[in-house]
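Chains S and V, in that order, give the protein sequences.
All residue numbers in the first sequence are consecutive under the numbering used here, ending with 247.
All residue numbers in the second sequence are consecutive under the numbering used here, ending with 455.
Hints are computed from structural coordinates only; laboratory data are not their basis.
You may find that some hints are simply not true.
What the hints assert, rightly or not - In silico negatives: residues of chain S with every beta carbon more than 10 Å from chain V:
{"hint": "1", "residue": "Lys-48"}
{"hint": "2", "residue": "Ser-57"}
{"hint": "3", "residue": "Val-68"}
{"hint": "4", "residue": "Phe-80"}
{"hint": "5", "residue": "Val-93"}
{"hint": "6", "residue": "Phe-104"}
{"hint": "7", "residue": "Leu-136"}
{"hint": "8", "residue": "Gln-167"}
{"hint": "9", "residue": "Lys-168"}
{"hint": "10", "residue": "His-170"}
{"hint": "11", "residue": "Asp-235"}
Unchecked claim - Here are the simulated distance ranges between beta carbons:
{"hint": "12", "chain 1": "S", "residue 1": "Asp-86", "chain 2": "V", "residue 2": "Gln-402", "range": "50 to 56 Å"}
{"hint": "13", "chain 1": "V", "residue 1": "Gly-365", "chain 2": "S", "residue 2": "Ala-234", "range": "18 to 24 Å"}
{"hint": "14", "chain 1": "S", "residue 1": "His-140", "chain 2": "V", "residue 2": "Met-298", "range": "35 to 41 Å"}
{"hint": "15", "chain 1": "S", "residue 1": "Lys-59", "chain 2": "V", "residue 2": "Pro-280", "range": "57 to 63 Å"}
{"hint": "16", "chain 1": "S", "residue 1": "Asp-86", "chain 2": "V", "residue 2": "Met-298", "range": "38 to 44 Å"}
{"hint": "17", "chain 1": "V", "residue 1": "Pro-280", "chain 2": "S", "residue 2": "Met-175", "range": "46 to 52 Å"}
{"hint": "18", "chain 1": "V", "residue 1": "Glu-410", "chain 2": "S", "residue 2": "Lys-59", "range": "24 to 30 Å"}
Stated by the list, open to error - If you want a taste of the chain S side facing chain V, the calculated C-beta under 8 Å gives, among others:
{"hint": "19", "residue": "Ala-41"}
{"hint": "20", "residue": "Asp-47"}
{"hint": "21", "residue": "Val-49"}
{"hint": "22", "residue": "Asp-94"}
{"hint": "23", "residue": "Asp-97"}
{"hint": "24", "residue": "Pro-98"}
{"hint": "25", "residue": "Gly-101"}
{"hint": "26", "residue": "Ile-143"}
{"hint": "27", "residue": "Ala-151"}
{"hint": "28", "residue": "Lys-155"}
{"hint": "29", "residue": "Ala-203"}
No experiment lies behind these values; they were computed from the predicted model shown.
Positions of the beta carbon are idealized from the N, C-alpha and C atoms, including for glycine.
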Amino acid sequence: MSKLPEKTDTDRRRFVAGAAVVGGTVAIAPGVTLMAAGRPADEAVTDKVRWGLLIDSNKCDQGCNACVTACKAENGIPDFGRPATDAQWIRKVDVTDPQTGNSFSLPVMCQHCEHPPCADVCPTGASFKRADGIVLVDKHICIGCRYCMMACPYKARSFVHEPVANQKPHAPRGMGTVESCTLCVHRVDRGAIPACVEACVGAQRGAMVFGDLNDPNSLISRRLREYPSTQIRADLRLNTGVRYRGI
Amino acid sequence: MTRLRGITGALAAALLAVLPVAASANDSRTPMPVIPPAVQGDQCVEETDYMRRYHGRILNVHRDRTMYDGIRTPRHSLDNCLQCHADPQSAAVSTPPSPSSQRQQDPAFCLNCHTYAGITTDCFQCHATRPSRIEPGYRHPLHSGMEEMLQSIRQSEEPVDAELLERVADYVQSALNGADEPVDDEDGAPESHSADAVEYDSNQNSDR
Numbered sequence: 001m002s003k004l005p006e007k008t009d010t011d012r013r014r015f016v017a018g019a020a021v022v023g024g025t026v027a028i029a030p031g032v033t034l035m036a037a038g039r040p041a042d043e044a045v046t047d048k049v050r051w052g053l054l055i056d057s058n059k060c061d062q063g064c065n066a067c068v069t070a071c072k073a074e075n076g077i078p079d080f081g082r083p084a085t086d087a088q089w090i091r092k093v094d095v096t097d098p099q100t101g102n103s104f105s106l107p108v109m110c111q112h113c114e115h116p117p118c119a120d121v122c123p124t125g126a127s128f129k130r131a132d133g134i135v136l137v138d139k140h141i142c143i144g145c146r147y148c149m150m151a152c153p154y155k156a157r158s159f160v161h162e163p164v165a166n167q168k169p170h171a172p173r174g175m176g177t178v179e180s181c182t183l184c185v186h187r188v189d190r191g192a193i194p195a196c197v198e199a200c201v202g203a204q205r206g207a208m209v210f211g212d213l214n215d216p217n218s219l220i221s222r223r224l225r226e227y228p229s230t231q232i233r234a235d236l237r238l239n240t241g242v243r244y245r246g247i
Numbered sequence: 248m249t250r251l252r253g254i255t256g257a258l259a260a261a262l263l264a265v266l267p268v269a270a271s272a273n274d275s276r277t278p279m280p281v282i283p284p285a286v287q288g289d290q291c292v293e294e295t296d297y298m299r300r301y302h303g304r305i306l307n308v309h310r311d312r313t314m315y316d317g318i319r320t321p322r323h324s325l326d327n328c329l330q331c332h333a334d335p336q337s338a339a340v341s342t343p344p345s346p347s348s349q350r351q352q353d354p355a356f357c358l359n360c361h362t363y364a365g366i367t368t369d370c371f372q373c374h375a376t377r378p379s380r381i382e383p384g385y386r387h388p389l390h391s392g393m394e395e396m397l398q399s400i401r402q403s404e405e406p407v408d409a410e411l412l413e414r415v416a417d418y419v420q421s422a423l424n425g426a427d428e429p430v431d432d433e434d435g436a437p438e439s440h441s442a443d444a445v446e447y448d449s450n451q452n453s454d455r
C-alpha cells in the first residue's frame, strides 16, 4: 500500500482548547492537560505510555450510575432487562462490611492487567494487550469459547448472546463473541478521555482519574504517589491498570 | 518459423474477430451485479480497478493496524467506505425496511457483488452499516442477516424465552428504523476524523 500523506491529528488540540473552556471543575483541566502529549493518528501505539485509571470510592456515590450509563451510550450496549446475560462493560458494586455496617460503592470494569489472564488462556490469540496496556478482544478471531470469562478474576467480560444491530461505528460488536471495557480506546486514540471518566466529572463527582501511569508527572501518577491506593485482588500480582482508593 | 508466425498471426486475427462478439454477448446474456455509484465524491481512495481487486486485503490490513497499533487514519477505514458507498437513494432510507426478499433488489454496494460472486460478507455482523457522519435516522440497506436470524430462532424447535425474543425483535426493529439518538458524539468534542476527512477530500486528486 502506498504511504499516505495523512495530516497530524489537529482535533486533539481543539479538544483540549474546548475542554479548557467547558470544564470548570478542577479535575478535568489537569486530567486533560496531561493528554496533550498524545500521538498523531498515523503513529502506532508504544509501550512508552501505559493507560490507567484511579478510582476514589470515597467520592463515588452509591446512588450514582453516571459512568455505567455513559458507557452504554458511548459503546451502544443495549439493555434487554436481563442482567444475568446482558453485556456489561462496567458495573457499580456496593460493598458492606458485615461487622461494622460501613458500606461504599465503586465501579468495576476490565482492570487492564499488565499480565492479563484472559490473554493467557485464549486459545486463538483473540484476547490481547495493546502496547499501551489496553486489553482488548480481536473479535475477528474470537470463537466465543468464553475461556477468558472464566479466567478473569474481575468478572469483567461479557458474551454477546443476542443478535446485535445499530452498532456504533467505533465500537463493533456481534453475537457469539466476548467483549469487555476497551478503556474507550477510540477516544483515547484521538486524545480524549474515556466516557465513564467524562461522565463522572460531569456528575460533579470527579471520582475517576484517567492518565498515563508511566508518566511521573501525570495527574494519576501524582495522586498514586501522594495517597495510598490498592488493586483489587492485588495478591494475584496482575499489576492492574485500574487502581482504587478507599476500598 | 515464418509458418509459426503465420499461425500466430492467424490466431491473433481470429481472436480479434471473436472478442467484440464475446464482449457484446457478455453484455446481453450474462447477468451482472448492479454496482451503485458512490454517493459523494467521484474518486475512491485508490484506483477503482485496484479497489475492486484488493479492497478485502486493504480492509484486512487496516483492520489489524487499527486494532493492534491504534492507527486510526480514516482513508482505508470501513467507516470511510460507508461515507460514500452507503446509498441514501434506496427505499430503505425513507421507508421502513422491506422484507428481505425485496431487499435483495436494493442497491446495496457490498452485497450485490458479494452475492453475485457467492462470497459472504461477515463484516456487518459486527460493524455498523451506517457511517458515523450522517444525519440521524439514515441507514443504508447493507444488512447483517439479523431478520433471518430472528426468523430462524422463532421457527426453531428449541424452547425459547418468548418475552426475551420479542424484546430483541423490538430492539432490532427500532434499530433498523433508525429510531435512535444521533450517531455523532454528543460530548462536544469533534470527531477526530472529521477534520481529516475534509483534508482528505481536498487532497484526494493530488496525493497519488
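Hint check:
1. With a least CB separation of 13 Å from chain V, Lys-48/S remains clear of the 10 Å interface cut-off, as annotated.
2. Every beta carbon of chain V lies more than 10 Å from that of Ser-57/S, the smallest distance being close to 25 Å; the non-interface claim holds.
3. Consistency note on Val-68/S: stated as away from chain V, and its beta-carbon is indeed over 10 Å from all of that chain's, at 17 Å minimum.
4. Distance to chain V contradicts Phe-80/S as a non-interface residue, since its nearest Cβ pair spans about 5 Å, not more than 10 Å.
5. Every CB of chain V lies more than 10 Å from the CB of Val-93/S, the least distance being 25 Å, so the non-interface label holds.
6. Residue-level check passed: Phe-104/S sits 28 Å from the nearest beta carbon of chain V, beyond 10 Å.
7. A Cβ of chain V approaches the Cβ of Leu-136/S within 10 Å, the least distance being about 7 Å, so the stated non-interface status is violated.
8. The beta carbon of Gln-167/S is not kept farther than 10 Å from every beta carbon of chain V, the shortest such distance being approximately 5 Å.
9. The claim that Lys-168/S lies off the interface is violated: its Cβ sits roughly 6 Å from the closest Cβ of chain V, which falls inside the 10 Å cut-off.
10. At the 10 Å boundary, the C-beta of His-170/S falls inside the reach of chain V, the nearest C-beta of that chain being 7 Å off.
11. Taking the minimum C-beta to C-beta distance to chain V, about 31 Å, the non-interface status of Asp-235/S holds against the 10 Å cut.
12. Between Asp-86/S and Gln-402/V the CB atoms are about 25 Å apart, so this pair departs from the stated range of 50 to 56 Å.
13. Between Gly-365/V and Ala-234/S, the C-beta spacing of about 54 Å breaks the proposed range 18 to 24 Å.
14. Taking the beta carbon of each, His-140/S and Met-298/V are about 21 Å apart, not inside 35 to 41 Å as hinted.
15. Between Lys-59/S and Pro-280/V the CB atoms are about 58 Å apart, so this pair conforms to the stated range of 57 to 63 Å.
16. A hinted range of 38 to 44 Å holds for the C-beta pair Asp-86/S and Met-298/V, which are about 39 Å apart.
17. Checked against the hint of 46 to 52 Å, the C-beta distance between Pro-280/V and Met-175/S comes to roughly 28 Å, which is inconsistent with it.
18. Under the hint 24 to 30 Å, the C-beta atoms of Glu-410/V and Lys-59/S, about 39 Å apart, miss the expected range.
19. For Ala-41/S, the suggested interface contact is upheld, since its CB lies about 5 Å from the closest CB of chain V, less than 8 Å.
20. For Asp-47/S, the interface hint is violated, since its Cβ never comes within 8 Å of a Cβ in chain V; the closest pair sits about 12 Å apart.
21. Because the smallest distance between the Cβ of Val-49/S and any Cβ of chain V comes to about 11 Å, over 8 Å, the interface hint for this residue is violated.
22. A distance limit of 8 Å between C-beta atoms decides the matter here; for Asp-94/S the minimum to chain V is near 27 Å, and the interface restraint is violated.
23. At about 37 Å, the closest approach between the beta carbon of Asp-97/S and any beta carbon in chain V exceeds 8 Å, and the interface hint on this residue is violated.
24. This hint is violated: Pro-98/S has a C-beta 35 Å from the nearest C-beta of chain V, more than the 8 Å allowed.
25. With a least beta-carbon distance of about 38 Å to chain V, the hint placing Gly-101/S at the interface is violated under the 8 Å criterion.
26. Below 8 Å, beta-carbon pairs count as interface contacts, and Ile-143/S has none with chain V, the closest being about 13 Å; its hint is therefore violated.
27. Below 8 Å, beta-carbon pairs count as interface contacts, and Ala-151/S has none with chain V, the closest being about 21 Å; its hint is therefore violated.
28. Hint status for Lys-155/S relative to chain V: violated, with the closest Cβ pair at about 22 Å, above 8 Å.
29. The interface hint given for Ala-203/S is violated, since its Cβ lies 14 Å from the closest Cβ of chain V, which is over the 8 Å cut-off.
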